[in-house]
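Protein chains: 4
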Amino acid sequence: MNFTSDNATGAHPAILNAIGVANGGSVGAYGGDALSRSASDKIAATFERNGDEAAVFLLGTGTAANALALAALTPPYGAVYCHRDAHINTDECGAPEMFTGGAKLIALDGAHGKIAPATLQSVLSQAGHGVHRVTPRVLSLTQSSEAGTVYTPDEIGTLADIAHQHGLAVHMDGARFANAVAALNCSPAELSWKAGVDVLCFGASKNGALAAEALIVFAKADPDDIAFRRKRAGHLFSKMRFIAAQFDAYLEDGLWLANARHANAAARRLADALDEMDGVRLAHPVQANEIFIHLPASMVTRLEADGAAFYRWAQIPGEETVLIRLVTAFNTPDDDIDALIAIARAEAAKS
Amino acid sequence: MNFTSDNATGAHPAILNAIGVANGGSVGAYGGDALSRSASDKIAATFERNGDEAAVFLLGTGTAANALALAALTPPYGAVYCHRDAHINTDECGAPEMFTGGAKLIALDGAHGKIAPATLQSVLSQAGHGVHRVTPRVLSLTQSSEAGTVYTPDEIGTLADIAHQHGLAVHMDGARFANAVAALNCSPAELSWKAGVDVLCFGASKNGALAAEALIVFAKADPDDIAFRRKRAGHLFSKMRFIAAQFDAYLEDGLWLANARHANAAARRLADALDEMDGVRLAHPVQANEIFIHLPASMVTRLEADGAAFYRWAQIPGEETVLIRLVTAFNTPDDDIDALIAIARAEAAKS
Amino acid sequence: MNFTSDNATGAHPAILNAIGVANGGSVGAYGGDALSRSASDKIAATFERNGDEAAVFLLGTGTAANALALAALTPPYGAVYCHRDAHINTDECGAPEMFTGGAKLIALDGAHGKIAPATLQSVLSQAGHGVHRVTPRVLSLTQSSEAGTVYTPDEIGTLADIAHQHGLAVHMDGARFANAVAALNCSPAELSWKAGVDVLCFGASKNGALAAEALIVFAKADPDDIAFRRKRAGHLFSKMRFIAAQFDAYLEDGLWLANARHANAAARRLADALDEMDGVRLAHPVQANEIFIHLPASMVTRLEADGAAFYRWAQIPGEETVLIRLVTAFNTPDDDIDALIAIARAEAAKS
Amino acid sequence: MNFTSDNATGAHPAILNAIGVANGGSVGAYGGDALSRSASDKIAATFERNGDEAAVFLLGTGTAANALALAALTPPYGAVYCHRDAHINTDECGAPEMFTGGAKLIALDGAHGKIAPATLQSVLSQAGHGVHRVTPRVLSLTQSSEAGTVYTPDEIGTLADIAHQHGLAVHMDGARFANAVAALNCSPAELSWKAGVDVLCFGASKNGALAAEALIVFAKADPDDIAFRRKRAGHLFSKMRFIAAQFDAYLEDGLWLANARHANAAARRLADALDEMDGVRLAHPVQANEIFIHLPASMVTRLEADGAAFYRWAQIPGEETVLIRLVTAFNTPDDDIDALIAIARAEAAKS
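Chains as they are written, first to last, in our numbering: chain C, 2 to 352; chain W, 2 to 352; chain H, 2 to 352; chain D, 2 to 352.
Honestly, the hints are just simulated from the structure, not real lab data.
Incorrect hints may appear among the rest.
[Unchecked claim] Straight-line Cα separation of at most 25 Å, SDA-like style, residue types lysine to any residue; simulated pairs:
#, chain 1, residue 1, chain 2, residue 2
1, C, Lys221, C, Glu253
2, H, Lys221, W, Lys43
3, W, Lys351, W, Leu252
4, H, Lys221, W, Leu252
5, C, Lys43, C, His133
6, H, Lys43, H, Gln316
7, W, Lys195, W, His130
8, W, Lys195, W, Pro137
9, H, Lys43, W, Val132
10, C, Lys221, D, Asp223
11, H, Lys221, W, Ala220
12, W, Lys221, H, Asp223
13, D, Lys221, C, His133
14, C, Lys221, D, Asp226
15, W, Lys221, H, Asp226
16, W, Lys221, H, Pro118
17, C, Lys351, C, Glu321
18, W, Lys221, H, Pro224
19, D, Lys221, C, Gly131
20, W, Lys43, H, Pro137
21, D, Lys195, D, Pro224
22, D, Lys221, C, Asp223
23, W, Lys221, W, Gln127
24, H, Lys195, H, Pro118
25, W, Lys221, H, Leu252
26, D, Lys195, D, Val281
Generate the whole structure from the sequences, applying the supplied hints.
Structure (structure tokens):
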């Protein structure tokens, strides 16, 4: 019963198998092989773009993807606006600052992990200060968000419009983009470039791959610039075929969406069951594969004692509840969901 | 017949298999799993060190390993001394400069890809210039070298002594360290920390792994510093077990040395055969798995026409020969060696 | 009637004169002259320190001083805690990020431009997150603050204790340090190292110099490191004597404190007069040489029309008042104060 | 008798006086004053350009000017080609690397401090290597050179043509540009943009100013980019009028050229007198205000004993001579020249 994160589990067998299949023979290194090219095209096609309309860069980590994307979108003296809890702001140890040469992340508050249009409008209208202040360059959105919620295409469009009107580019951290696509009734294109996203970091590692992320440029960034920066950051893999193979399998026959749907459904079922128990309260709507929920302290202790692994997210002093995070994955067993619910119910019944 | 590089080929089946074996179940992310720990210990043990004596960082690319190592050994205003042809100087697109915050690489000339002690002594004795000039901090050696030669333990020791006397740390780019160990009658420890190497980048990617490198700190660098820098550079893999698994298999039953011996022997046999042909001249002694050799232009053309892939390294104007590079790998087929020799002989017989 | 800033005015005649006096003859460049040494000693002595106890670096701008100080106190993956309105956070175009190699400034809220101990304690107690998050390294205080208020020695001591307990160094942006010393009944030492300040940026440019700032290391930073960083940042002046001369005169016979007292008194008199008018409200206590005050919009318009220059700081939508900033300087004429008061009174009398 | 450098002396009285004149009244800070504007226009006009044709940035040090210029001309993954002895390569402690975010300086050999066209052509034709190597972006020339020689307009034009054909921008480090203009029978424009220089760092500090340098953009760099970078580097002076005043006086009535002519003539006279003595040999032609000359060791010792200050540049082991550097300045007294010659003659007569 491991609900710590969607990176605690391994890889999907089909993806693992694809790596083995890709192993034969000598091919061009550093992405100069047929599989790297075809996988990149496949990624673009998933977004209804061809190779001229979208530049695709294969990478090994989401932090690398985000940091490279931002470096391509802002000079060192630029400002990147993001949610206060955004991964780029809190969990990448300053990678965006390193890759951009010291650009500044401006953290915005917002309910349920999402930036509100009024907030963005307000900060951007007050941002100018000549050369004395970093200059606004990028809006970064996280989809699905760090609170387990999703932005609809309309919400993205509204935010992107504000950003573009102020001359900013729009970056999307899509480490859990698949979960958002699975959650909303729309296409990958509708959730990205059609809604105004200029550069998307399209993650696979959290959804069944071993280590595979794609940086996709729809607009505003210079692919040549990114190509040099990727190499310079040590993120150009010599045996690129092994990342390409992962994406090839990931996007085959809708595996990526099936994986995400499984994770989302598991979260949904778990959240619904917990939410109806006494003393339990959801901190955020559960729209993807993450649950943030206040549980009675005794229930948390019981779950841990019985072998459930998850993060204690916060404990508000003086309260009897603990905020925990539960993350489901592409292969979370139904039995684990059932087991966790059963333990929680038994504990709830005591009180 | 692909002799372009040792990264044009795939992975060893045993290493691939280990990845599959590692796939089961939920484990700690970011290296917090048992396999990552045991593989790190296994790496240290290969160098006759335990976990307290050597800090091991698992990485995905050699460029990342080198750049992180250098960043841990020099401030931004430091100087790194390396051979003019060192990978860090010519093939990493400035990664060392990026990771160190702009340290300066000082390129030294040296026959056959190696730095001579007298050269190092001379430049270090003239290096001081107060705050006006970058201050000497690191000596970086490449083993085996970019010219396909190797440093003996004594040679390393002499250079390391000079470096240490001047307050420099010693970094070794060991992307092809295995080939050097296989070539010399000595242990990994004798070729590294026992000879004065402070930080070693121990490569596996070019010798049978998919993407696996280890940064090993024997001395002088702060492991905590590297831990933060690795994350910040986007090089901390969430599913670390998949890199650990590669090393686990790589070091099992001497696979790594068997692989390197195969590559070295292939290079040896190929070089010997070519070298005795008319009009052929070796540019450097062949001591590992790389051959730099001047061939008649007609022979080069013939080889290419018959399907041999390799790099034309340089063509000296007015000469009839072309300098080419041939690289062998852990799995270079004997047939490919035979075939290339046969083509060359046939061409040589014509003239 | 220029109240835009204390850098809109020129230099004190005694300081200007000292530059002329320093002009004769050939001397060592880059600070290797007697005047640079004696002025540095004089600065240290002002803080009851000798040359062994405090390292002094002469600089030309406050931004350079702050950024160099921070670079000496944090690695690139460190966090610097400062007030949201701190100059380093809002008015240096990311200089701290540039000089530190991308460290992260964490903006804290706080009434009247000051950080409250409880706020600092709270954020530091929640700061840890392994390698995933930047690691706390520096607390930066501004004295006097951006709101024109001052920290007492006790307040500094309390904050510094919290910082030190968490392993942070304490930096003080003292662009207007003189105004704070003049405002409080205490010594420079009591307001700096005796209260726990490790590195002080001691400004003179805003208080009568042309361009002169001193970075003073009391503890925790390595002077050699700063020496290299100063040169590398282009902030080591060849004819250093001309900065030294400014400090020499600045600290002679208490000129610096006389200047600051004049500015403070001018602000005091101006604030008191305005504050008693109808519809006027101070935004912050006036403790140094800056006034933040809400005036009726009509009064602001009148002042501008009659030739008073100042910044409109903020206008709260729907309110009839405008928040303006008035800054006095070492040489603000009494007549200007009288004139501004008279205009405001006349306008106030109308309503 | 101080011949150590042209920054060992003070400022020209007219320039000092101009600072005093500029001191009155309140003006816009950070360059927003009339004098800063008019001085910038005057600088542009000196180069036969108006404000639309050339962007001028006032700075305090030559290192800042060079580093900012390079940062505006190359991305972090770019290469800057310069002479091995260029100030940016050997005497700025890596400032170009810091400001550019880690670009790489490629040092070229060349007789008498100058880059030969054939050398540049050769390295640029071999420079390409895809994303693996830093990409050529800037040619940096030093005028007058570090060897005291000058490039003619034709020589600059030839080098600039090669650079431009390969897509590089041309930067000129003109810390001693005035000495070159004074030495050659041509205009400032002919020695800069008309010959293909895109960005010039036009120095005054070594030629009579206290601390004043101008970065002039003729082409290829974005002035807005530089404006942000200047502030971010801490090089935007609040009381800019004091730098502007220096340039205003420097360019008035040809003071700058008169100063340079004096220095050049002093060097000429000194070099001619020394050169005809026995055992003396010039290392480089003396074309500006620097002399590199081999003197008998006994003569060097005698000069030092008798109070002459200069740098011992190099001593070739086994030789009886020492290479010294003598630098003259705008105000080097004729008596000092006479005195040094007399001592040398007396010593020469002994042998």
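Hint check:
no., hint, verdict
1, C/Lys221 with C/Glu253, "violated (29 Å)"
2, H/Lys221 with W/Lys43, "violated (39 Å)"
3, W/Lys351 with W/Leu252, "violated (47 Å)"
4, H/Lys221 with W/Leu252, "violated (44 Å)"
5, C/Lys43 with C/His133, "violated (44 Å)"
6, H/Lys43 with H/Gln316, "violated (45 Å)"
7, W/Lys195 with W/His130, "violated (32 Å)"
8, W/Lys195 with W/Pro137, "holds (23 Å)"
9, H/Lys43 with W/Val132, "holds (24 Å)"
10, C/Lys221 with D/Asp223, "holds (18 Å)"
11, H/Lys221 with W/Ala220, "holds (24 Å)"
12, W/Lys221 with H/Asp223, "holds (18 Å)"
13, D/Lys221 with C/His133, "holds (24 Å)"
14, C/Lys221 with D/Asp226, "holds (18 Å)"
15, W/Lys221 with H/Asp226, "holds (18 Å)"
16, W/Lys221 with H/Pro118, "violated (38 Å)"
17, C/Lys351 with C/Glu321, "holds (15 Å)"
18, W/Lys221 with H/Pro224, "holds (21 Å)"
19, D/Lys221 with C/Gly131, "holds (22 Å)"
20, W/Lys43 with H/Pro137, "violated (33 Å)"
21, D/Lys195 with D/Pro224, "holds (20 Å)"
22, D/Lys221 with C/Asp223, "holds (18 Å)"
23, W/Lys221 with W/Gln127, "holds (24 Å)"
24, H/Lys195 with H/Pro118, "holds (18 Å)"
25, W/Lys221 with H/Leu252, "violated (44 Å)"
26, D/Lys195 with D/Val281, "violated (39 Å)"
Against the hints set out earlier in the document, violations occur for numbers 1, 2, 3, 4, 5, 6, 7, 16, 20, 25, 26.
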